[in-house]
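There are 2 protein chains.
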Amino acid sequence: MKIIDGKLTAATIRQELKEKIDKLKLEGKNVPGLVTILVGDNPASEVYVSSKIKACSEIGIRSKAEKLPSDISEEELLNLVQKYNEDINYHGILVQLPLPGHISEDKVIEAISPQKDVDGFHPISIGNLVIGKDTFVSCTPAGIHELFKRYNIETKGKHVVVVGRSNIVGKPIANIMLQKKDYANSIVTVCHSAAKELSYYTKQADILIAAMGSAEFIKGNMVKDGVVVIDVGINRIEDPMKPKGYRLVGDVDFDEVSPKASFITPVPGGVGPMTIAMLMSNTLKAFERYGE
Amino acid sequence: MKIIDGKLTAATIRQELKEKIDKLKLEGKNVPGLVTILVGDNPASEVYVSSKIKACSEIGIRSKAEKLPSDISEEELLNLVQKYNEDINYHGILVQLPLPGHISEDKVIEAISPQKDVDGFHPISIGNLVIGKDTFVSCTPAGIHELFKRYNIETKGKHVVVVGRSNIVGKPIANIMLQKKDYANSIVTVCHSAAKELSYYTKQADILIAAMGSAEFIKGNMVKDGVVVIDVGINRIEDPMKPKGYRLVGDVDFDEVSPKASFITPVPGGVGPMTIAMLMSNTLKAFERYGE
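Heads up: the protein sequence lines correspond to chains A and B, in order. Sequential numbering of the first sequence, starting at 94, is according to the working numbering. Sequential numbering of the second sequence, starting at 94, is according to the working numbering.
Just chain A, with the same shape it has in the complex (with noise of 0.2 Å):
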């Protein structure tokens, strides 16, 4: 059973993108630039946004963090995201979500222009996906996808399991590894709470990935010998030994589940790390194909 470390590979990819970037600088040109747009004052969200000014700050992405209050009309947003698809200063357009419930996410995604839309949100990202074209990919199914490049896991004709049917990871994740491509081209399932019975999808998959969030959900007997797995959940529960009195978990119940791994990613410093790296991989390559 060998770990894939999504701390480390999203460690190596911000060290590349930094020298990229520190090239660019010494060549005196234009860097990236990613502007985050705040609503309101959910926690969980300012910590999400501050991580990933930090990682711009770490890497030599120019940033601005826009934090605007809860009660910000639709169309004031939607003035201030049109006014960032102007700014060739900035070449990603992060909205944090969630956005409060006055406001149509929908309308907001779609407003980010598709050159701008790092976050792989918008509509006509997902169908480029679909589609094969190269396009912004989400940054969770992306780090997924870069995982398999950097562990150099076989995936072609093996048969990919998802668990889990969200917009954000398992149908753009399922979308992706069908692709005739390098590191895709896998059979697919998707399954979900509808099946009659999970375990029936799960024990044949070669690659499950795990993204339905419910915590420790997979058990060992649940999967094949040799399986590679990716757990996408990240599940609070409680634990009185942890000083917080929580402790986070995976979709997959790790302890049961790895000695039949071939590949498995913990939880944390699985997939979680990747999400980062990938958004700024993404900014990188908004400003190489439409910055100046």
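It should be emphasised that the hints constitute simulated quantities derived from the structure, not laboratory data. Don't take each hint at face value.
Remember, identical chains collapse to one label, so a pair may be satisfied in a single copy or spanning two.
[What the hints assert, rightly or not] With a straight-line Cα cutoff of 16 Å, these simulated EDC-like cross-link-like pairs (lysine to aspartate or glutamate) come out:
1. LYS317 x GLU203
2. LYS289 x ASP299
3. LYS274 x GLU247
4. LYS317 x ASP346
Based on the hints, put chain B in the right spot on chain A.
Then chain B, alone, in the frame of chain A:
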């Protein structure tokens, strides 16, 4: 075993559409309009386009058939699309594919206003389909989904196995059947030529959708008893007994598979006729949603 009669179902849908449009006429209202754009003189494309125009005329949809020489420039074609984007008399724009090699199909499809994208090929339509938003769904997968509805076939929690991953059938029908919606909500497997053994997957299908374009590939021993079979293939095979020297067969060996199936679509007369019916339905939808 029950035959899913696509010809009859398509005729029913066309009759329903005709009644709605007759009602609009009686009320003195505008009616839906469809423009077809054909470039060059591919005989198959000419047949397809004329069937579409004929269907419009039977139903009462205003139609216009633009026919352009094969040496038209990409820019001229894009300008024509733009002209119809702005023409309030045409609610749907259909550019018949394939286009000559010097014209980018992607560019032309992306030039069609998403509000008039009755073929459902625009990336934004595909993206919206994937994330579960109401949109124009391309006509063949929409036709398959409609057959499930009209024949009241149970799909929730069933294992749908799609053979083939084309952008116009395999990928969209897989993404439709995944959605948490009526006549969908299925566990979906997409398999294709990279599979070591396709029958491993096809044998598991509660509902098998064969869309790989390989004559009579699916044999009796590749399916289980009671399977619902949707055969999307249309292949010519030589047959000296037929006046034309060939006959049309699907991707499924009907004689072998039909005795095991609970429902099955024939070829011809199954999925095929549904395609034009769904194009007509999409045109009425475009009119109702975005028309005057």
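Tested hints:
1. LYS317 x GLU203: neither (41 Å within a copy, 44 Å between copies)
2. LYS289 x ASP299: between (21 Å within a copy, 13 Å between copies)
3. LYS274 x GLU247: This pair counts as within: shortest intra-copy Cα distance 12 Å, inter-copy 34 Å.
4. LYS317 x ASP346: Intra 14 Å, inter 34 Å, cutoff 16 Å: intra-copy only.
The structure fails hint 1 only (numbered hints given earlier).
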